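J.: With the hints as extra help, turn the sequences into a complete structure.
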Amino acid sequence: GAVVSQHPSRVICKSGTSVKIECRSLDFQATTMFWYRQFPKQSLMLMATSNEGSKATYEQGVEKDKFLINHASLTLSTLTVTSAHPEDSSFYICSARRGGRQETQYFGPGTRLLVL
Amino acid sequence: GENVEQHPSTLSVQEGDSAVIKCTYSDSASNYFPWYKQELGKGPQLIIDIRSNVGEKKDQRIAVTLNKTAKHFSLHITETQPEDSAVYFCAASKGSARQLTFGSGTQLTVLP
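One line per chain: the protein sequences are A and B, in this order. Heads up, the first sequence is in this note's numbering, so the first residue is 1 and it goes up one at a time. Heads up, the second sequence is in this note's numbering, so the first residue is 117 and it goes up one at a time.
Think of the hints as simulated: they come from the structure by calculation, not from any bench. These numbers were taken from a predicted model, which means no experiment stands behind them. Note that the Cβ used here is the ideal one computed from N, Cα and C, for glycine as well. Among these hints, one or two may not hold up.
If you only want the chain A side, here are some residues facing chain B, beta carbon under 8 Å, derived [to be verified]:
| no. | residue |
| --- | --- |
| 1 | Leu44 |
| 2 | Ser54 |
| 3 | Tyr106 |
| 4 | Pro109 |
T.: Below, the structure written as structure tokens:
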């Protein structure tokens, strides 16, 4: 149990376009989902925390108008990178938590974004 | 905020030997400490976790120890195998949001 999927697994886009990444909890309801960004050979950097039905909470330095997060249901959160630029190229990973007193976060397989 | 330091950054061991990775945290309110294994190009996979009311936890070849007083916790892998080669991350969390603060990662290489 506790499977999290992401789609797409990799995407290449032109500079200026928008890209949407989906994160789904397949076998449990996720009250909270998290979005991370990871550069090569570096650790995971938390971008934002989203709770179902409410606005996401962004970490300091993360532009909320550039990285739009929607957590419309207990099994789906989306991250949209708007007007993508080459510096947005990265590995984006989501995680999901059941909620309540459950601390465990289950991670998706990640999405490799390359902006040309 | 919380700061998690992880050492070493790289670790090479011979197959069958043990590997130990250590982390320290700064916020004494942190009470949940997971360890994740990440293979190249994949998302992190939870391998073991420990809560602050427990000092040690084992799962087959993997164990984690926690010293709350010193604010450090360690991952122990015994009888290492080549498939254990990966990047390992420690993390700490607290509070209702349960946001994780990650360490910088350890590249473990098990030599056959």
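J.: Next step is simple, just say for each hint if it's right about the structure.
T.: Hint-by-hint comparison with the structure:
Taken as an interface hint, Leu44/A checks out: its beta carbon lies about 5 Å from the nearest beta carbon of chain B, inside 8 Å. Annotation: Ser54/A was flagged as interfacial toward chain B, and the flag is violated, the nearest CB pair being 12 Å apart, outside 8 Å. This hint holds: Tyr106/A has a C-beta 7 Å from the nearest C-beta of chain B, less than the 8 Å allowed. The interface hint given for Pro109/A is met, as the beta carbon of that residue sits about 5 Å from the closest beta carbon of chain B, less than 8 Å.
Violation of the numbered hints given earlier is confined to hint 2; every other hint is satisfied by the structure.
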